[in-house]
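Chain by chain, the residues:
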Amino acid sequence: MDIALAILLALAGGAVGGLLGVGGGILFVPALAIFLGNTQLEAEATSLLVIVPMAIVGTWRQHRHGNVDLRDGITIGLLSLPGVAVGVLVANALPERALELGFAALCLIVAARLLKRALGEPDGEERTAAR
Amino acid sequence: MPGNRTIRLAAIGILAGAFSGLFGVGGGIVMVPLLIMLGLGERRATATSLCAIVIIAAFATALHGLYGNVRLGDAALLIVPAVAGVGLGGAIQQRIPERTISLLFALLLMAVAVELIVP
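Quick mapping for you: the protein sequence lines, in order, are chains A and B.
For the first sequence, my numbering assigns the number 1 to the initial residue and increments by one for each residue that follows.
For the second sequence, my numbering assigns the number 1001 to the initial residue and increments by one for each residue that follows.
Among the hints, erroneous ones may be present.
Said to hold, decoys possible - When the alpha-carbon atoms are kept at most 20 Å apart in a straight line, the in silico SDA-like pairs for lysine to any residue are as follows:
no., chain 1, residue 1, chain 2, residue 2
1, A, K116, A, A98
2, A, K116, B, L1015
3, A, K116, B, A1011
4, A, K116, B, L1103
5, A, K116, B, L1066
6, A, K116, B, V1030
Rather than coming from a laboratory, the hints here were simulated on the basis of the structure.
Here the structure is a predicted model, which means the values were calculated and not measured.
Given the sequences, and given the hints that come with them, work out the whole structure.
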C-alpha cells in the first residue's frame, strides 16, 4: 500500500512538474520519506536522482515546442555548482529534524503561492495559461 | 544590462543550486520567478529552468552520492512513474483548469507539511 502511494505521488510529481513551474521534487521527497522509509536526508538525495530523467524528458518535450533557451539553461546549470556544493554540505551538517522542518516550511511557502494563484484575482502575468 | 547577463545567470544558478542541494528539489521554485524578472515569458522561463535542473540535479545527486545518501533502489522505483507523469501532465492540462490543479496541489503540500511537522 505504501509503495502504491509512493508511486502515485511520483506520478503526480511528474505531472505537475511542467504545469506549474514547480518541480516534481517537492513530491518525490515526501514519497520517499513518508512511504518508503527514507530519512529526510536520504529522501532529498534520492529525489534528486529521480528528478534528472524527469527533467531530461520534460526539457526534450519543451525543446520540441521551441520553449527552451538552451544557452541560458546550460549556463545556469553549469554555474550552479558552488551553490549545489554549499547546499549539500549544509544538508549533511544539519540535524534530521531541522531538515524536516525546513522542508515543511518550503511546502507551506509553495502552497501559499499556489493558493494565491488559484484564488487570487487573475492578473496579466498569471493569465498566460495559454501554454 | 546584457553585459551583466552571465553574472545574473550565475547568481540564479548558485541560488537554485543551494536550494536544490539543501532541499532535494530542482530549484525551479526560485529560478522561474528570477528568469521572468530577467525578461523571459512564463512558459519560456519554466522550460529553461527545467533544462538547468537537469544539470543542477545531476551535480546535487553526485555530491549527495559521495556522502552515501542516495538510495538507488528507491530511485529506480520512482523514476518510471515520474517520467510517465510528465506525459500525463500535458493530458491533464487539456481537461482540468489550472486553478483547480493549483488548489489541489496546494492542499497536498499542506498535508505533507503537517505530516512532517507532527512528530
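Structure-based check of all given hints:
1. K116/A <-> A98/A: 27 Å, violated
2. K116/A <-> L1015/B: Outside the cut-off at roughly 24 Å; violated.
3. K116/A <-> A1011/B: Judged against 20 Å, a Cα distance of about 27 Å means the pair is violated.
4. K116/A <-> L1103/B: 9 Å, holds
5. K116/A <-> L1066/B: Distance ~39 Å between K116/A and L1066/B Cα, so the pair is violated.
6. K116/A <-> V1030/B: 17 Å, holds
Violated hints, in rising order: 1, 2, 3, 5; the structure is consistent with all others.
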